[in-house]
Amino acid sequence: MADVITYRDAVAEGIAREMRRDPSVVCLGEDIGAAGGVFKTTVGLYDEFGPDRIRDTPISEQAIVGAAMGAAMTGIRPVAEIMFSDFLACCWDYLANEIPKVRYMTGGQVTVPLVIRTANGGGLGFGAQHSQAVENWALTVPGLKIAAPSNPADVVGLMAAAIRSDDPVVFFEHKGLFASKGTPAPPEHVVELGQAGIVREGSDVTVVALASTVPTALAAAERLAPEDISAEVIDLRCLIPLDVRTVLTSLQHTSRLVIVEENPYQGGWGATLASLVADEGFDLLDAPIKRIASACVPLPFADALEERVIPTTDSVTDQIRRLMAY
Amino acid sequence: MTGTSTQQAGQLDAAALLSLYEQMSVIRRTEKAAHDLFMSGLVKGTTHLAAGHEAVAVGASAALRPDDYVFATYRGHHHAIARGATPEECLAELMSKATGLCRGKGGSMHLTKVDTGMLGSYAIVGSHLPMAAGAAWSAQVRGTGQVAVAFFGDGATNIGAFHEALNLAAVWQLPVLFICENNFYMEYTPISSVTPVANPAADRAPGYGIPGEVIDGNDVLTVHDAVARAAERARAGDGPTVIEAQTYRHYGHSRTDPAKYRPDGELEQWLERDPLTVAHRHLTQLGIAGDELAQADSRAEQVVANAVDAAKNAPDADPAEAFTDVWADGGSTWRT
Ligand SMILES: Cc1ncc(C[n+]2csc(CCOP(=O)(O)OP(=O)(O)O)c2C)c(N)n1
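Chains as they are written, first to last, in our numbering: chain A, 1 to 326; chain B, 1001 to 1336.
Treat the hints as calculated values from the structure; they're not laboratory data.
Since the structure is predicted, the reported quantities are computational estimates derived from the model, not experimental observations.
Please note that a few of the clues may not be correct.
[Said to hold, decoys possible] For lysine to any residue, the following SDA-like pairs were computed, each having C-alpha atoms within a straight-line distance of at most 25 Å:
hint, chain 1, residue 1, chain 2, residue 2
1, A, 101, B, 1254
2, A, 101, B, 1255
3, A, 101, B, 1067
4, A, 101, B, 1322
5, A, 101, B, 1334
[Unchecked claim] What the simulated footprint calls covered on chain B by chain A, stretch by stretch (three residues with Cβ under 8 Å from a Cβ of chain A suffice, anywhere in the stretch; the number is not a length):
hint, segment
6, 1109-1119
7, 1124-1137
8, 1163-1169
From the three backbone atoms N, C-alpha and C, an ideal C-beta is built for every residue, glycine too.
Looking at chain A on its own, in the form it has when it is part of the complex (with noise of 0.2 Å):
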């Protein structure tokens, strides 16, 4: 086994894990076949598993999710791919109205085991139609779990929890991390949905992060630990379920909280968080809250502004500096 992997040859072992062990899990989706993926993400899966198990779809967002709902209402599990997360509007009826509610209004007669992977998060200019953090648009609706890994070994491990969860899963994977590196997964690793990280042990400030901002959450802890500034990042990993407890139990040693999101400041999952902070810790806090998050506009091109809008290792540090102040 290489002693690195990348997060984006990550995607691809976590579903060929799944896809030797259940031979019920199939793939769908634009261009994953024998093409492997926009993004290289499915390489080496049409090889393995041939064109029945990873199928090509047309051009068509709405008949992609719906397609892979009727299917996991019937006894298959479909991993369904959506290019771009922004992608995800042209098929928001499935995932507001039809998925995570099927089973409710049905009266719990209906199972949807499917997973909807997509190309989450910006940072690589392209663009204000395909850069978008949009793991709120998920957050919105009850009934639909979420995982949003940062590193390759979390991949795999969620992907096999996703893949495994009788609930639907929305996959967010992070573009800007496609080309990052990490320690490959050991054999049969499942890391639990609902089960945050705490990728860096620290005293005076907790910092809750996600997929893209766990790297910029750890470079601005490093930068700060000269400083005599003891920062402990968690990776949440998971927005539903969302692991409340870690945070609170941290919070108990850090009595400081600064929250990094992409995703833009207005709705943003951060407020969720900070609500149920203060709602249920507000003891445990020597401070305000902090979010940071990206600026309230569409996703600019160039990297001088895209730089300005989303937070920064800069933007992170100087934060938590003020922060500490109190």
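With chain A held as given, fit chain B with the ligand onto it using these hints.
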């Protein structure tokens, strides 16, 4: 009441037809009961009654196997019953009772009975066509020989999901039947005023390489035969079919819609070709005596009267149900 599964086109005998007649009679009376219960305040929200459409649901169901899949719309009482839900379970659901099909979480627009192949009624126009394609795909992957059916209205043919589903079904040669109940109206607007072709479903099918057929949706035998043929094709691996069954809804679109937008005399013309009347005529020709038909009607009447009583007397839906069934573990927990 999923019935005579292995019947081929044209093979229904008088006894089978009489049973379909009785099912239609049950559905008609259930719809009347739903209407009356709504008017007396015992059914809240809204209802979309399918009185007039019975032949499509009953004829199609009789041509399907018990393990085939059916997806319907908010106008789906008739499909639920044709597909095995009892009038009592349906009316109880409408009346927010614990004994309702979905224990009070579905309502009129979401009647579902998965264990008899009624995979749900969906209230977003056209959304279930891709789902039916997906269920057909799953049957194909599992090699079960099942087919999936989507029933939908003429209005649904102008929504994107219709076109995406037909295309996907065609390129993947899926065992799926798209059955349009063309009742010539969307809510209040005639379909012809917003659609460039005369037959909104069937005329579009050839554009996807799918056979499209227009049939008399008020003749249960015609529906049965067309669906039996299409299902046979699907099971043989020859792909999807679009069937456009022309029919008419007797009530307005929903709730208390008086359907003032319909031209004078139109309803009366269709009532002459009411599915029950048409089936009655066939049965008489086949030598079924008037008293046998009258007995079928009185059995239907009894079934529905009992259903109304039972549903009325059933306990109300349990408020605790609000917090169950979000997730597969039965609960609704979203955080630790
Ligand atoms: C996507 C969507 N748009 C609009 C509506 C509102 N609506 C409910 S029923 C209906 C008419 C549908 O007509 P048709 O498909 O012909 O079915 P019918 O009611 O005649 O059975 C409309 C517009 C809806 N439920 N979903």
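message = Are any of the numbered hints broken by this structure? If so, which, sorted upward?
response = Violated: none.
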